[in-house]
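According to the numbering used here, the sequence shown is numbered sequentially starting from 2.
I should point out that these hints are in silico values taken from the structure, not numbers from a laboratory. Please note that a few of the clues may not be correct.
Claimed, not checked - Each pair of labels, with its calculated beta carbon distance range:
hint: 1; residue 1: GLU345; residue 2: SER321; range: 34 to 44 Å
hint: 2; residue 1: GLU353; residue 2: GLU162; range: 25 to 35 Å
hint: 3; residue 1: GLY170; residue 2: ALA315; range: 45 to 55 Å
None of these values were measured; they are calculated from a predicted model. We put the beta carbon where it would ideally sit given N, CA and C, even for glycine.
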Amino acid sequence: MTTRVQAPRIESPSTFEHSVAQASFSPHLSKPSLRYGLDAPGGQGPFRYSPGQEIAIRGWAFLAPQTDRLPPLAVDVVGLQTGSHTSLNVRRLERPDVARHFGFDSLTAAGFECWIRLDHRFQGQCSVRVSQKDGAGTTHSADLFSFTVAPAIYETHVRRELAARFLAGSGLEIGALQRQLEVPEHCAVTYVDRMSLSELLVHYPELRGQPIQAPDLIEDGETLATIGAGSQDFVVANHFLEHCENPIQTILNMTRVLKEDGILYMAVPDKRFTFDVDRPVTRYSVLAETFETGRRPDREALYSEWAALVNHVAPAEVASAAENLVRSRYSIHFNVWTLQDLLEFLGACRLEFDLPFVLEWVVSSENEVIVILSKRSNAPSLDT
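Work out the full structure: start from the sequences and follow the hints.
This is the structure we're talking about:
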């Protein structure tokens with residue numbers, strides 16, 4: 002049963018005047034800019050909801066200076082932890098108050114309304130914004146508000162069931178953050194991250210207010226340099242491989258610390274259902290070159306790509322935004338795969354570089370692909 006969450010609509014003139022105080026514009030502006038105000042829900046959030054509820058979103062938006070027409074408008078919902086990206090159509094509403102305020106009759110239809118049904122697409126903390134298309138592309142607003150919803154039951158069950166089937170003994174989980182894997186009771190887990198808990202909260206401000214797994218060991222998950230070879234029954238690396246500059250070397254390092262027949266459990270986002278949707282798939286040749294040389298040849302370009310296609314920074318500001326990301330060592334997705342591309346990558350790097358693993362299981366679950374690899378030092382060739 003769906004529960005609708007009706008936030009009160011804000012009608013008072015004083016509130017409306019405040020909401021547009023930063024939205025005044027000159028009709029002579031040369032650069033398109035999205036002007037908007039939000040009536041419901043009231044506030045920035047994060048609001049907390051349960052699966053099955055619906056959120057009412059109401060407000061007004063238009064692209065300035067093109068005030069003679071109102072191109073298509075959409076509400077975009079981005080999962081800050083899962084990477085999901087969902088674009089929803091909106092219904093236009095009459096807002097004569099907006100037309101009067103800005104002095105353009107064409108803005109009478111600048112209002113909008115949209116309902117977000119909290120189904121399996123929305124997990125963890127999500128950010129909501131509006132976007133409008135014109136001849137030059139798509140212009141996005143800043144975040145309107147954010148909300149938090151519990152993970153989908155299906156995803157939780159899939160992760161847990163695969164852990165119960167394949168994990169035993171003691172092992173590592175790399176970069177658990179707020180989504181640590183639920184392992185069987187008989188398993189012992191050492192949580193590994195490159196930063197302390199306090200540093201993680203500074204680096205990922207979007208995670209504040211959520212229960213973050215404190216690391217037991219401060220270590221670079223890509224190298225695991227302080228972990229002994231053949232010492233672990235399993236390694237869990239969920240939503241980690243896409244962050245690794247040298248993913249082939251990272252897989253080799255993770256299999257190094259595994260015992261024979263040990264399990265590497267990885268969940269990797271499928272770009273088709275995440276904020277990477279507009280980015281090109283990472284070419285295997287680039288990753289093979291990185292493994293052989295130890296340097297990622299497209300590193301700087303990827304920061305610019307992230308600023309432009311994920312953060313949607315204006316073209317003139319991409320270079321400075323990318324520089325800020327590099328300076329802060331922000332953990333972008335260096336690798337972008339679909340389900341098919343990921344499997345082809347794993348098969349190619351195992352075949353070309355003789356990596357010691359076999360593929361045990363693959364599940365496509367919501368916006369991620371879960372792969373189970375087991376360490377086999379004498380793994381047979383893929384072409385036999």
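Each hint tested on the structure:
no. : hint                          : result
1   : GLU345 <-> SER321: 34 to 44 Å : holds (36 Å)
2   : GLU353 <-> GLU162: 25 to 35 Å : holds (33 Å)
3   : GLY170 <-> ALA315: 45 to 55 Å : holds (51 Å)
Violated hints: none; the structure is consistent with every hint.
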